[in-house]
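Number of protein chains: 2
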Amino acid sequence: MKIGFLGFGEVSSTLSAGLLSKGADVSTCVEGRSLKTKGLAKEIELNLCKSNRELAESSDILISAVTPFQAVEVAKEIGKYSKGIYIDINNISPSRAKEALSYIENGKTADASIIGSVRKNGLNVNILVSGPYAKQFAELNQYGMNINIIGNEIGQASAIKLLRSSFTKGISALLFETLYSAYKMGIDGEVLKYIAETEGEGFRESAVSRIISSAVHSKRKAEEMEEVMELISKSSDAKMSRATSEFFKQLYNEINGIEKRPENYKEIFELINKKNRKN
Amino acid sequence: MKIGFLGFGEVSSTLSAGLLSKGADVSTCVEGRSLKTKGLAKEIELNLCKSNRELAESSDILISAVTPFQAVEVAKEIGKYSKGIYIDINNISPSRAKEALSYIENGKTADASIIGSVRKNGLNVNILVSGPYAKQFAELNQYGMNINIIGNEIGQASAIKLLRSSFTKGISALLFETLYSAYKMGIDGEVLKYIAETEGEGFRESAVSRIISSAVHSKRKAEEMEEVMELISKSSDAKMSRATSEFFKQLYNEINGIEKRPENYKEIFELINKKNRKN
Chain W
2 MKIGFLGFGE
12 VSSTLSAGLL
22 SKGADVSTCV
32 EGRSLKTKGL
42 AKEIELNLCK
52 SNRELAESSD
62 ILISAVTPFQ
72 AVEVAKEIGK
82 YSKGIYIDIN
92 NISPSRAKEA
102 LSYIENGKTA
112 DASIIGSVRK
122 NGLNVNILVS
132 GPYAKQFAEL
142 NQYGMNINII
152 GNEIGQASAI
162 KLLRSSFTKG
172 ISALLFETLY
182 SAYKMGIDGE
192 VLKYIAETEG
202 EGFRESAVSR
212 IISSAVHSKR
222 KAEEMEEVME
232 LISKSSDAKM
242 SRATSEFFKQ
252 LYNEINGIEK
262 RPENYKEIFE
272 LINKKNRKN
Chain L
2 MKIGFLGFGE
12 VSSTLSAGLL
22 SKGADVSTCV
32 EGRSLKTKGL
42 AKEIELNLCK
52 SNRELAESSD
62 ILISAVTPFQ
72 AVEVAKEIGK
82 YSKGIYIDIN
92 NISPSRAKEA
102 LSYIENGKTA
112 DASIIGSVRK
122 NGLNVNILVS
132 GPYAKQFAEL
142 NQYGMNINII
152 GNEIGQASAI
162 KLLRSSFTKG
172 ISALLFETLY
182 SAYKMGIDGE
192 VLKYIAETEG
202 EGFRESAVSR
212 IISSAVHSKR
222 KAEEMEEVME
232 LISKSSDAKM
242 SRATSEFFKQ
252 LYNEINGIEK
262 RPENYKEIFE
272 LINKKNRKN
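One line per chain: the protein sequences are W and L, in this order.
Heads up, the first sequence is in the working numbering, so the first residue is 2 and it goes up one at a time.
Heads up, the second sequence is in the working numbering, so the first residue is 2 and it goes up one at a time.
Just chain W, with the same shape it has in the complex (with noise of 0.2 Å):
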């Protein structure tokens, strides 16, 4: 069985190192890449095609993992060279996950979620699988691998990645919303104690690392909880994403100086982040 990668970053890498190690036939295509990407792939010692299509045309399981931005776009470019099975495991929405398989033109496809770290779990990582070819991509955890099927539906995976990220987020807001009133009431680290006996252990530890996440990735939480709401969105009014999106939004633009108010989260989070560090 012929596996191949579209795309050779870290999840490329570290998977296709992992099947090479347990004895599979794995191929991607460097072309046009880094020296260093080159030189990775060298180092794993893979087999290289000359180009996406060559290798769509001698995989049995084509793997997309490329950027967020490129999954539609790889998709359309080898759709009618694909001979195997076409699975999208890129960090995408479910409707894009959709609107990518939609040009694999012979429909062997599945949609694929990585739920946790690959550079941590490496070939052992968690990774969720829904479509109709699920069944055949997990025949790959001969090699090792950890995939799980959800359905069969393209679309299910991805949506419980994204389903579950919004949740942290939305906690993330809330507990960013709570602190910074208990810090204007000189109550903060009480109202964090007494969350912390509600709810676990190990929480007051993940709080921190919350808020300062937080305020380091604003940005792209923003961004996220835009997909997010497309989502919740068909189900229900999406009271509590919508608030978490635009939580994120204002607390980007505060801390960016874009949008400048005497309540600056900016102060919460230095605070509470300098007061943990000494706890």
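For the record, the hints were derived by calculation from the structure and aren't laboratory data.
Remember, predicted model here, so these are calculated numbers, not experimental data.
Some hints could be false.
Put simply, identical chains are the same to the list, so a pair is met inside one copy or across any two.
To be verified - Mimicking DSBU-like on lysine-lysine, the simulated pairs with C-alpha atoms at most 35 Å apart in a straight line are:
#: 1; residue 1: K194; residue 2: K235
#: 2; residue 1: K220; residue 2: K250
#: 3; residue 1: K194; residue 2: K121
#: 4; residue 1: K84; residue 2: K162
#: 5; residue 1: K250; residue 2: K43
#: 6; residue 1: K250; residue 2: K185
#: 7; residue 1: K194; residue 2: K136
#: 8; residue 1: K99; residue 2: K81
#: 9; residue 1: K121; residue 2: K99
#: 10; residue 1: K51; residue 2: K250
#: 11; residue 1: K39; residue 2: K185
#: 12; residue 1: K121; residue 2: K185
Assemble the complex: chain W is given as a structure, and chain L must be docked to it using the hints.
Here is chain L on its own, set in the frame of chain W:
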């Protein structure tokens, strides 16, 4: 030291029984109350005053534990007779606590909040206190109480309780909205499972009880969120608490058929409930 309780509901009866068992001198007034309440007071064998005025005049520490609606009224009524320290332990917002305590003419006041369940924890339940006479109230710890001083300002103790419970309600709303979308896509079980993986042990169980409690207590939660919004609006846009408040209002309307829509949260409540009983 004479301790008096204004009101004789669960909080007063539990705490006074505990205090009496430790040898404290405890009084209340049950004039005009039900036979059941009078019977309970006799059973516990605490001192009975003829009126709240007499109770206020004879207590060194007077604890107001009435219903939230009576908190201001009772303070107004006995404000000029309270000769000792007056503690408001009612479940009210910081601004209502300030209002109530403003009627205590000698100014010997503090604002207290019960964190957790009096029924479960008895005399040892965690009580937060803030205000000028917080320290004097905490002297009751000699009788086995668990009173923790937060600060010198009236309202801080109430604010901690309110912010903590608003955060918890926000999580419930987020969870409900997220799982409803997931349910519509046939992936509610999976989304709950993968959120639980990030959120840690016990999340699944607490998620289910949060969904049930959201639906059952939607009206009360919507009302409580109004008070939270008032508090949080002082320091930010209160985007998340506003969304939480609106979420519970809508949930209440939908569950009670006031607002009929094809997207009825009732079904997700029933389904998740059923599913989780099986698993």
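To see whether the hints hold, each was checked on the structure:
Within a single copy, K194 and K235 get their C-alpha atoms only as close as 37 Å, which misses the 35 Å cut-off; across copies the closest is 22 Å, which meets it. For a Cα distance limit of 35 Å, the shortest separation of K220 from K250 qualifies both inside one copy, at 7 Å, and across copies, at 31 Å. Within a single copy, K194 and K121 get their C-alpha atoms as close as 30 Å, and across copies as close as 20 Å, so both meet the 35 Å cut-off. For the homomeric pair K84 and K162, the shortest alpha-carbon distance inside one copy (28 Å) is at most 35 Å, but the shortest distance between copies (61 Å) is not.
When the C-alpha separation of K250 and K43 is checked against a cutoff of 35 Å, the pair qualifies neither within a copy, at 42 Å, nor between copies, at 60 Å. In this assembly of identical chains, K250 and K185 lie within 35 Å of each other by CA distance both inside one copy and across copies; the values are 22 Å within and 28 Å between. Taking identical chains as interchangeable, the C-alpha atoms of K194 and K136 lie at most 35 Å apart only when they sit on different chains, with a minimum of 21 Å there against 46 Å within one chain. In this assembly of identical chains, K99 and K81 lie within 35 Å of each other by CA distance solely inside one copy; the values are 16 Å within and 72 Å between copies.
Taking CA atoms no more than 35 Å apart as the test, K121 paired with K99 passes inside one copy only; the shortest distance there is 29 Å, against 52 Å between copies. Taking CA atoms no more than 35 Å apart as the test, K51 paired with K250 passes in neither setting, with 43 Å inside one copy and 60 Å between copies. For a Cα distance limit of 35 Å, the shortest separation of K39 from K185 qualifies neither inside one copy, at 53 Å, nor across copies, at 44 Å. For the homomeric pair K121 and K185, the shortest alpha-carbon distance between copies (32 Å) is at most 35 Å, but the shortest distance inside one copy (38 Å) is not.
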